[in-house]
Structure formats: structure tokens, C-alpha cells
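**Q** Sequences listed follow chains R and L, in order.
Residues -14 to 381 (the working numbering) are what the first sequence spells out, left to right.
Residues 16 to 383 (the working numbering) are what the second sequence spells out, left to right.
It is possible that part of the hints are untrue.
What the hints assert, rightly or not - Here's a subset of chain L near chain R, in silico, CB distances under 7 Å, partners left out:
hint, residue
1, Pro157
2, Val161
3, Gly184
Unchecked claim - Cross-link-like lysine-lysine pairs, in silico, BS3-like; alpha carbons within 27 Å at most:
hint, chain 1, residue 1, chain 2, residue 2
4, L, Lys137, L, Lys79
5, L, Lys319, L, Lys363
6, L, Lys111, R, Lys219
7, R, Lys70, R, Lys219
8, L, Lys72, L, Lys349
9, R, Lys142, L, Lys93
10, L, Lys73, R, Lys219
11, L, Lys73, L, Lys349
12, R, Lys70, R, Lys203
Since the hints were derived computationally from the structure, they do not count as laboratory data.
Where is the CB? At the ideal position from N, CA and C, for every residue including glycine.
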Amino acid sequence: HSATSVGAIRFACNQARSFCSGGGGLSAAAATATESAGSSGASLQHADQGVEAGGILNAAKYGGRHHVSLIPGDGIGPELMDSVKTIVNVAGSPIDFEEIPLSAERGTDEDMRRAILSIKRNGVGLKGNLETFEGMTSKNVQLRTKLDLFAYVQRCKSIEGVPSRYSDIDILVIRENTEGEYSQLEHFNVPGVVESFKIITEAKSRQIAKFAFDTAIKTRRHRVTAVHKANIMKLSDGLFLDVCRDVARDYPSIEFNDVIVDNCCMQLVARPQQFDIMVLPNLYGNIIGNIAAGLVGGPGVAAGMNIGRKYAVFEAGTRNSGRSIRGKNIANPSALLLTTADMLEYLGDAEDAKKLRNAVLTVLRSGIRTPDLGGSSNTKEVVDAVVQYLLQVRGH
Amino acid sequence: QPSYKMPSHQLLLQLMKRPSQLLQASRGLSAAAAGGTRTVTLIPGDGIGPEISNSVKKIFAAAKVPIAWDEVDVTPVKGPDGQFRIPQKAIDSVNKHGIGLKGPLATPVGKGHRSLNLALRKEFNLYANVRPCRSLEGYPTPYKNVDLVTIRENTEGEYSGIEHIIVDGVVQSIKLITETASRRVAKFAFEFALREGRRKVTAVHKANIMRLSDGLFLKCCREEAHKHPGVEFAEAYLDTVCLNMVQDPTQFDVLVMPNLYGDILSDLCAGLVGGLGVTPSGNIGESGAIFESVHGTAPDIAGKDLANPTALLLSGVMMLRHMQLGEFADRIEKACLDSIGDGRARTKDLGGGATCSQFTDTICSRVA
Chain R
-14 HSATSVGAIR FACNQARSFC SGGGGLSAAA ATATESAGSS GASLQHADQG
36 VEAGGILNAA KYGGRHHVSL IPGDGIGPEL MDSVKTIVNV AGSPIDFEEI
86 PLSAERGTDE DMRRAILSIK RNGVGLKGNL ETFEGMTSKN VQLRTKLDLF
136 AYVQRCKSIE GVPSRYSDID ILVIRENTEG EYSQLEHFNV PGVVESFKII
186 TEAKSRQIAK FAFDTAIKTR RHRVTAVHKA NIMKLSDGLF LDVCRDVARD
236 YPSIEFNDVI VDNCCMQLVA RPQQFDIMVL PNLYGNIIGN IAAGLVGGPG
286 VAAGMNIGRK YAVFEAGTRN SGRSIRGKNI ANPSALLLTT ADMLEYLGDA
336 EDAKKLRNAV LTVLRSGIRT PDLGGSSNTK EVVDAVVQYL LQVRGH
Chain L
16 QPSYKMPSHQ LLLQLMKRPS QLLQASRGLS AAAAGGTRTV TLIPGDGIGP
66 EISNSVKKIF AAAKVPIAWD EVDVTPVKGP DGQFRIPQKA IDSVNKHGIG
116 LKGPLATPVG KGHRSLNLAL RKEFNLYANV RPCRSLEGYP TPYKNVDLVT
166 IRENTEGEYS GIEHIIVDGV VQSIKLITET ASRRVAKFAF EFALREGRRK
216 VTAVHKANIM RLSDGLFLKC CREEAHKHPG VEFAEAYLDT VCLNMVQDPT
266 QFDVLVMPNL YGDILSDLCA GLVGGLGVTP SGNIGESGAI FESVHGTAPD
316 IAGKDLANPT ALLLSGVMML RHMQLGEFAD RIEKACLDSI GDGRARTKDL
366 GGGATCSQFT DTICSRVA
């Protein structure tokens, strides 16, 4: 887990941002329109507007400390966020969490508005998964689209000490995060017939493709693979693929190829080492991201980040709520801790990020593992081990 | 003589629903079971298709399976209206016999030819694609003891082919889910599970995101589950299934899902047990079924006696079970799997050195 990769990703995102604020496309226009339409008068006094136009926007630091919006979420979210808070304290990282009470039960429009406002104010969020009950729209999707977190990035790397059928996997999954099949546009055509719309736009495809290639350059990776089903969905996935090919032309030093999604799945379980960076539309990103995470150890060790032009929200990679293991003290805190390390790096605290990451990886290597990794330790034991390591490193 | 003025798929639906056809088909079924010979359409296909079809015919003959083959070619021909379509002879054959075994087809490149596989699916209204994925003893992969079946809705969903350019740079693709199709495939899944003695059916969906479409699919699955209390029923998100599938595929039994998820998941599962070269597949329609190998035509090895007939043979085995000729199915399947298990008899793609003919002969000797 290279310490430079998250910083590189943030840089790549800023590249994408400068492209977008150059007036490129429907999505940027739409995002701005939504923002100004949705906010009340009082909240418009943000330093945000205007500063953004200049260059790289750094998250605000109050008194040298970062404010991070924290949404514990449902399922195992709350208990694991407690672990995060404990460890961030012990590690002495300059982070103050602003906790936001948003959950499946508590999720009015006002709650959502406050959550979004908080993340806009702080610039960075850490979230658990919000469950979606029948009849509800997904709050997770709402957060991502309203904050225009256009990219979802998952680093899937083999971890020493974590049992897996493969070794030497190091895949960066870059998934378009705001359109495609998740456009939430559905209706009953006639009784018993539902139409669901998948939207692919040139603007967002270009944005994610450029982000993928910029990330490739900054992380010194060699190949970007576009995953699609353009042989069947000729217009939608066809557009995505064409745009990726077009963007690839601007990056002659990066190899580019494409693969059809079903073949991709077969390749992943046969020879996953062949993939480097993968760029995908929303749904395929969901599928491939989960497969890749499963290949390197599963949901307990997967980290994920939602990145937009101005904001970033970090969460456990495979976005599970873990409802069935809630309160049993067996949830694996590693995923969220590794995500927190990524977040520290994004905030510019590379040293702290490295310390935390090392702590988690060392504990995983040492065999102290929760049941999902085939171990017999519980959550508290893993957290204690990480705390011990951090205290040791601090010289106590 | 059918009129070319009527869209052929509509005509076929009419033909297939005629009682005389159905009666003939069912008579054929019981004839086979009672010891008579049943005729089955054979579509050898392109590339390695003809040679693997020959292998299957040889093995079936050695096992004395009471089946006669009616071989047809489905390469599209130009009709009087200039449109390319499947030759009438092929259509008549499948309609008459109700059961078909098909090798790989090359999709012609260029305008005017729709994907042949898609055309066949539409012509015969094949609504459920069934793919059993079982670990092959003797051909180990990193995944052991896999034994699951994916059942995929095959007529609608994301593959409705309805796409529009809304404005320049914005494309809309429509996914269509209907109650009729969802109910039909769900019903089939439960009946299949009961018939094959399988324990549990899991509906795979993304109803948290696609509330109405996948929600409708899920509703139909739940209703069918109610009507089939002898089978356990579970629901799972597609991404969670993928995540769990690559960690522990043994936890899955029968999976039923809409078109796109089925396409992806069935290929993922095939990858777990060794790829498309060893995976059988069946397409079930309302009044007939076509069983097929799902690998490509492999033009580079065509005609060189190097092909592996396993996929087509196991599809033939599925076909025999569908025709209630289970005894023959078991014998041929065992002979095939034992031959693969015997390292010397394997074909090149499975790491052995045998030719297609040698592999075929080994199975014949085991099955006679």
C-alpha cells in the first residue's frame, strides 16, 4: 500500500476538476445548478466559492486540526467508528470528528441536507453504509450525486498474512460514481412493466477516463483497462468506450485496452495479476470492485474513497452495512482503519497515514484476525493490538 | 408456407403454440422414455462446431442413446424481402422436435446480421438460460467443490436493445422488467430446483438501487417461493454475491436473476470451474429447449482434431436429463468426467496431450 498513491489520486482529481471548471459538459453545469437551487440563503456564505477557481483547494484546518464529517451509518458502522475514534486519538492524528446523525431510521430531507452541508463545510467525510429499506431511495447514492463524488476508487492489493487464493494482485478500480445504472430513473410503463433508465453522458465518461489516466501517471502505473458491454449496449457502453479511447490518445505513455465485462470476470478469477488500473461505468464498477476486493481478502480489509472535484468521502470499500453481525464484536475493523489511513493521506498527513497503515498491516500479519479472515479474535482484540502497536511506535 | 410479410418471430410463436405441435412433442418425449427413438435437432455450428458435434454423436451412439439427429444449418440466408433470417428448414426442425443441441456460432460481422444467438433466442422464445457450474474432478482450479446453477432471465432486462441518444453526448439505455417474464423465470427456477433435488434458490438483485425494476423481479420471486415451500428461498445483493462467490462459492446452490446480472454471474461462475470450454448450458423455452456449448468457434484450431468436446457433451447430458433419459445422462457424464480425471486422456486445453478423437474414443469405451 504505497503511501504516495492517495496523494496522487487527489492530485489527479484536481486535474479533473480544472478540466471540469473549464466549462466541460452537462455534469458540471448540472452540479452547479443543483447546488445553488438547493441551498438556503444563509448557508451560501462559504469560502468555497471563488477559492475553488484558483487552483488546488485544501481542506480547511482549524487550529492545525482537520474537521471531518462522520456518518456512522447502520449495521456495524457505529461500533467500528468507535474503533476509529479510539485509534485516531491514540495515534495523535490531528482530526476532530463532527458526527452527523444520519441513518436509515433517521433520514428526513432535512437530515440529508445537514449532512451534505457538513461535508461541504469540512471538505472530507468518513461514512458507514446507510441501509436502504423497501420504498426508500438509497441515501448513499443521494450523498454521492449531490456532492458530485464522481469517482469511486478501490485499491485491491494482496495483503501479507491475509489468506487468499492468489498473490501479487494490485488492481486499482476506478468506477464512475454518479450516473449509469444508478440514475434512479424508473417508472411503471403500464401495470406489470417497469422501465429503468441507464444514462451515460460524454461529459462524465470523459471526466472519469481522464481521472483514470491522470491517476495512472501520478501513481506511475502502466495500463488502463476499460470494462464495458459495448457489443450489446452499443450506444451507452459504446459511448463510454469511445470516450475512453479518445482520452487514451492524450496519454501515449499509458497503455490502454478494453475488455467485455463477462470475460473480465472470468479473467479475474483465472489470472487477476494481469490487471492494473480498471476504469468502469457505475454498475460494472460495483461488480468488478466487489470481485477484486473478494480476491484479496474480502470486505474486512477493503478500503474505498468517493472523490469529487471539491469533496471526498471515505468508506469501507465494499460498502456493506454488516447488519447480520451487528453488536457481536466480530466485525473486522481493518477496512475502516485502512480507509482512515487513506483519508489522513488525502488530508496531507502522510506520516500519520503511514503509521496507521503499518499498524493495521502488522496486526494482520501477526495472525490476530477476526472470523471473516479465518481467525478467532474479536473486534476489540484487533483494535487493542493496533493500539498497542501505535503506543509502541510513539515510544510509550 | 409461412408468409415473409409477417415478422417471423410472431409467426413462430404462433406455430409453437399449436396444440398439435405440443402433442407431437410430448408424444416424442414419452416415446423416448418408453424405448422409442426421439429425434432432436442438431446445429453443429461453425469452426470447431462440426468436429465436436461428431464426437457427441459418436459417444451417444456408443451409449446406445435412443436419439436420432436432424442436422441443420442456421447460417442466415437472404429472404425475398432482402432481410437475412434463419433458414426456414432450421426453424421447422426445432419447432417439430422441440429439442435442440447447438455448437458455437460465429457472429457475422457487418450490417444486416443480428447476433445469431440473439436471433435464435427470440425465434424460439427461450426465456431461461441455465448453467450448472460444477468443479471438475481431475481439472483442479483454485476453487474446490463448486456445485451451483445460475438461472438467468433471457428475454428482457438490460438486453432489450432499446437505446436512444437524448441529446448530443447523452445516451439513455432502457432496462425493461415485466411481471410476466419475471414470474415465468422464477417459476422455472423453483420447479428446476425441485426436479433436480436442489436445496435452495437465491434471487440475485439490486433492488436497493433499482427499486422498481429489480423490486418487481424480487416480488415475483417471493411469490413463487411461497408456492414452492419445499425449496428454501433467499435474496442477496448482486455485489455481495460477487464478493462472496470469489471467497467461498460452495455457499451457493441455485441462483436466479435478471438478464445482465445473469450474464455476468454465469460467466464468473464458469471461470471458477475452468472456463467456457467445460461449461454446459441450456436455454428453456415455453415449448422447447436448446442446449448449447457457450465457448467460441476457435477458428485457429478448427479442423485440426484439437478441440475439446466436453462443453457440448455436457450440454447433451443436460438435454438428456430434460428429456427424462436420466440413466443415459448419468452414464455419459460419468464417462466424460472420469476421462478428464484420467490425465492421459485429456485434450490440450485441459493440460493433456490427447486429440479430440482420442478423448472421444476414451469416453466411448467407458460408456459402452
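**Q** Please check whether L:Gly184 passes as an interface residue: C-beta within 7 Å of a C-beta belonging to chain R.
**A** holds (4 Å)
**Q** Verify the proposed pairing of R:Lys70 with R:Lys219, using a straight-line Cα cut of 27 Å.
**A** violated (48 Å)
**Q** Given the hinted pair L:Lys111 and R:Lys219, is their Cα-Cα distance within 27 Å?
**A** violated (35 Å)
**Q** Can the restraint linking R:Lys142 and L:Lys93 be considered satisfied, given a maximum Cα separation of 27 Å?
**A** violated (53 Å)
**Q** Can we keep the L:Pro157 interface hint, with Cβ of chain R closer than 7 Å?
**A** holds (4 Å)
**Q** L:Lys137 and L:Lys79 were given as a pair; does the straight-line alpha-carbon distance stay at or below 27 Å?
**A** Violated, at about 33 Å.
**Q** Is L:Lys319 within 27 Å of L:Lys363, Cα to Cα?
**A** holds (12 Å)
**Q** Check whether the Cα positions of L:Lys73 and L:Lys349 lie no farther apart than 27 Å.
**A** Between L:Lys73 and L:Lys349 the Cα gap is close to 16 Å, so the pair holds against 27 Å.
**Q** Given the hint that L:Lys72 pairs with L:Lys349, test it: the Cα-Cα distance must not exceed 27 Å.
**A** holds (17 Å)
**Q** What's the verdict on L:Lys73 and R:Lys219, does the C-alpha distance respect the 27 Å limit or exceed it?
**A** Judged against 27 Å, a Cα distance of about 41 Å means the pair is violated.
**Q** Take the C-alpha atoms of R:Lys70 and R:Lys203, compute the straight-line distance between them, and say whether it is at most 27 Å.
**A** Violated - the C-alpha atoms of R:Lys203 and R:Lys70 are around 31 Å apart, more than 27 Å.
**Q** Tell me if L:Val161 is really an interface residue toward chain R, meaning its C-beta lies closer than 7 Å to one of theirs.
**A** L:Val161 check fails; min Cβ-Cβ to chain R is 11 Å, beyond 7 Å.
When each numbered hint is compared with the structure, violations occur for hints 2, 4, 6, 7, 9, 10, 12.
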